[in-house]
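Chemist: Chain by chain, the residues:
There are 2 protein chains.
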Amino acid sequence: MARNLVLILAFASLCIGSVLADWNILNQMRRTAVRDSLKNYCESWRMNVELNNIREFEVVPQECTDYIKKYMTSSQYKADSERAIEEVKLYLSGCCSLEGDGKDAWIFDVDDTLLSTIPYFKKHGFGGEKLNASSLEEWMKEIKAPALDHTLNLFHEIKNRGVKIFLVSSRKEYLRSYTVDNLINVGYHGWTSLELRALEDEYKKVKQYKAEVRKRLVNEGYRIWGIIGDQWSSLAGHPRPKRTFKLPNSIYYLS
Amino acid sequence: MARNLVLILAFASLCIGSVLADWNILNQMRRTAVRDSLKNYCESWRMNVELNNIREFEVVPQECTDYIKKYMTSSQYKADSERAIEEVKLYLSGCCSLEGDGKDAWIFDVDDTLLSTIPYFKKHGFGGEKLNASSLEEWMKEIKAPALDHTLNLFHEIKNRGVKIFLVSSRKEYLRSYTVDNLINVGYHGWTSLELRALEDEYKKVKQYKAEVRKRLVNEGYRIWGIIGDQWSSLAGHPRPKRTFKLPNSIYYLS
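In order, the protein sequence lines correspond to chains A and B.
Here the first sequence stands for residues 1 to 255, where the numbers follow the numbering used here.
Here the second sequence stands for residues 1 to 255, where the numbers follow the numbering used here.
One should not assume that every hint holds.
If chains are identical, the list can't say which one is meant, so a pair holds when it fits in one copy or spans any two.
Straight-line C-alpha distance at most 30 angstroms; calculated DSS-like pairs for lysine-lysine [unchecked claim]:
1) K122 with K39
2) K123 with K164
3) K130 with K164
4) K130 with K242
5) K39 with K159
6) K130 with K89
7) K159 with K70
8) K39 with K89
9) K39 with K70
10) K70 with K103
11) K122 with K205
12) K103 with K130
13) K215 with K122
14) K207 with K242
15) K205 with K215
16) K89 with K159
17) K215 with K172
18) K122 with K69
19) K164 with K39
20) K103 with K141
21) K89 with K207
22) K141 with K204
Note that these hints are calculated values from the structure, not bench results.
Every value quoted in this text rests on a predicted model; they were computed, and no experiment measured them.
All chains, please: the whole structure from these sequences, using the hints.
Modeler: Printed below as a string of structure tokens:
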């Protein structure tokens with residue numbers, strides 16, 4: 001009797017163990033499938049932002065903020081940006097018959113092109129929270145934005161070729177001294193002009209404001225050989241430069 | 001004496017075992033580092049193609065053909081394409097005050113937008129070989145290109161809204177009957193016009209040829225609500241449509 005009981009108990013525990021193991025494997029498979037499907041979803045969101053198919057987004061989808069954070073702080077983001085910079089250098093090495101008359105020009109965006117706002121977004125939900133302009137501007141006034149090293153290098157290379165550099169930013173005019181200080185602190189100097197949004201520009205879309213700045217430059221006789229920026233709105237509209245280069249940025253969208 | 005020898009041999013084999021294990025671990029680490037660094041490199045190449053920073057490439061970098069093959073046959077490629085299609089549908093649901101006068105128009109690319117050339121490139125180095133036009137055209141004449149399911153669905157949705165569909169392809173005119181047969185075989189029907197490159201168009205860049213087709217359509221009174229294509233050259237130039245949508249494709253570049 002007792003022996004039978006021992007046998008039954010042994011068999012039951014074997015069964016339970018086996019069922020639990022299966023359960024664990026199934027759970028693991030389910031978790032892996034959910035994780036892979038979320039990764040696919042968030043990667044396709046990011047990709048379509050960079051393809052300029054997804055526009056005017058106000059926030060990163062809540063379920064993707066971790067994914068976007070991971071990308072924007074990864075060696076892949078760095079490699080993607082560095083490759084864009086390399087392509088600018090390649091273009092410059094063959095493109096431009098510079099005339100040395102002081103009218104050859106290049107345009108840079110400021111935020112997330114020359115300076116990184118990632119330290120700010122690290123503390124503010126990585127695009128998952130609706131952009132709070134005054135909070136971001138307070139952070140800009142702390143003049144702590146680090147340089148994007150790869151762009152810093154390009155900036156000086158372009159300047160050393162005798163090309164005039166124009167910084168065209170959607171930052172507001174009242175941030176001028178903070179912006180200049182921040183740029184100089186991290187190694188940028190020698191630009192020709194820093195264009196910021198005056199009061200009358202604040203109600204224009206970024207795309208219109210930036211195109212108007214280019215129009216003024218062209219009217220002043222500048223040949224704009226290229227623009228590099230992290231927003232499609234920095235590159236769109238007329239007059240068009242000869243080439244445009246887009247850096248990755250899937251944290252926010254300026255239209 | 002014999003005992004000492006045994007001890008020495010035992011110690012030596014322990015040492016060798018340990019060194020071999022370390023060597024294996026180091027080798028494994030080196031292989032992982034090389035693999036990760038190649039993945040970073042190839043992903044940044046692909047990303048910069050999609051960002052329109054890398055242009056006019058003739059071949060996929062040799063070391064990246066496996067990576068590009070993996071992407072273009074992955075669930076990620078599918079998810080990225082499907083997301084682009086969803087964005088078209090979202091745009092169409094809110095964008096267009098269709099006038100029902102038969103002048104509302106939409107433009108599709110053919111290859112890698114309606115039909116997939118992946119089966120061809122699977123047999124031809126996945127972009128790692130310079131594009132052989134006659135070999136590709138021979139394959140097109142076999143009329144075996146499958147539909148891209150997500151675009152097939154969009155095609156019919158747009159048609160059912162009463163929007164006229166124009167297929168603007170860089171395929172040559174002599175491929176017309178093969179192209180029509182292939183499109184119909186996989187489920188496309190009811191387009192308004194299939195534009196192919198006539199002899200006089202063959203020496204134009206794709207961008208110019210496609211812009212000229214749009215100009216003709218606009219002159220005929222059509223309102224082009226959008227274009228979807230897999231090449232930046234399908235979307236560039238004037239006249240511009242109201243919106244453009246880019247599908248991923250990092251196998252070849254048409255300028």
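Chemist: What hints, given by number in increasing order, does this structure fail?
Modeler: 2, 3, 5, 7, 10, 12, 13, 19, 20
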